[in-house]
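Undergrad: Here is how the chains run, residue by residue.
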Amino acid sequence: GAVVSQHPSRVICKSGTSVKIECRSLDFQATTMFWYRQFPKKSLMLMATSNEGSKATYEQGVEKDKFLINHASLTLSTLTVTSAHPEDSSFYICSARVPGPGANVLTFGAGSRLTVL
Amino acid sequence: GESVGLHLPTLSVQEGDNSIINCAYSNSASDYFIWYKQESGKGPQFIIDIRSNMDKRQGQRVTVLLNKTVKHLSLQIAATQPGDSAVYFCAAYPHNNNDMRFGAGTRLTVKP
Numbered sequence: 001g002a003v004v005s006q007h008p009s010r011v012i013c014k015s016g017t018s019v020k021i022e023c024r025s026l027d028f029q030a031t032t033m034f035w036y037r038q039f040p041k042k043s044l045m046l047m048a049t050s051n052e053g054s055k056a057t058y059e060q061g062v063e064k065d066k067f068l069i070n071h072a073s074l075t076l077s078t079l080t081v082t083s084a085h086p087e088d089s090s091f092y093i094c095s096a097r098v099p100g101p102g103a104n105v106l107t108f109g110a111g112s113r114l115t116v117l
Numbered sequence: 001g002e003s004v005g006l007h008l009p010t011l012s013v014q015e016g017d018n019s020i021i022n023c024a025y026s027n028s029a030s031d032y033f034i035w036y037k038q039e040s041g042k043g044p045q046f047i048i049d050i051r052s053n054m055d056k057r058q059g060q061r062v063t064v065l066l067n068k069t070v071k072h073l074s075l076q077i078a079a080t081q082p083g084d085s086a087v088y089f090c091a092a093y094p095h096n097n098n099d100m101r102f103g104a105g106t107r108l109t110v111k112p
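Chains as they are written, first to last, in this note's numbering: chain A, 1 to 117; chain B, 1 to 112.
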């Protein structure tokens with residue numbers, strides 16, 4: 001079946017560095033992908049909607065210069081956490097809608113756990 | 001604000017018992033609701049969905065009930081197994097919005 005793949009699954013970085021997380025749609029094209037953030041024992045919070053060929057749409061309170069999103073192709077969206085700080089440590093999850101019946105259902109990647117030291 | 005929410009953050013059941021996880025939604029929630037299961041360290045997985053023109057929908061060992069009068073939906077898991085231990089989220093699309101919103105989640109623990 002259709003799969004959304006995220007990489008890396010875990011990343012540890014030093015404070016002040018930038019980290020890129022990739023989200024790929026396997027076997028289907030995704031003009032739109034969604035990036036969520038999840039704190040421990042909390043729900044998923046939508047950060048931004050990634051749009052292929054155009055700028056991402058950010059949720060209120062999410063710094064677009066901090067969380068750079070690039071949707072360069074129909075199968076790849078990237079989230080770059082710039083100048084990371086310990087408070088950026090979190091579980092980042094991307095998702096996409098698989099075309100066809102049930103297209104309202106979001107298919108999620110396995111998530112990327114970021115730890116900023 | 002949130003368009004969906006949950007009554008209880010945790011639920012513990014004995015293996016073999018039935019589990020009921022509840023979710024309340026507001027007027028801003030859509031006419032389409034989805035239940036997801038999230039195991040530790042993984043992304044959410046689709047379980048079952050329901051549209052507002054239905055009151056009930058059944059899957060394999062799972063049933064979703066929708067009560068539009070009180071804006072409440074529930075996920076019932078029959079004969080709960082240890083593998084069902086996870087966090088369960090209800091989700092919906094707010095009206096006129098393409099972005100899915102999640103409830104707070106209920107952590108289900110199945111005791112052997």
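None of these hints come from the bench; they were simulated from the model.
None of these values were measured; they are calculated from a predicted model.
Think of the CB as a built atom: it goes at the ideal place given N, C-alpha and C, for glycine as much as any other residue.
One or more hints might be untrue.
From the structure, some residues in chain A lie toward chain B, with a derived Cβ separation under 10 angstroms [unchecked claim]:
id : residue
1  : 4
2  : 16
3  : 28
4  : 32
5  : 42
6  : 45
7  : 46
8  : 67
9  : 93
10 : 100
11 : 102
12 : 105
13 : 113
Undergrad: Which numbered hints are broken by the structure, listed smallest first?
TA: 2, 3, 8 and 10
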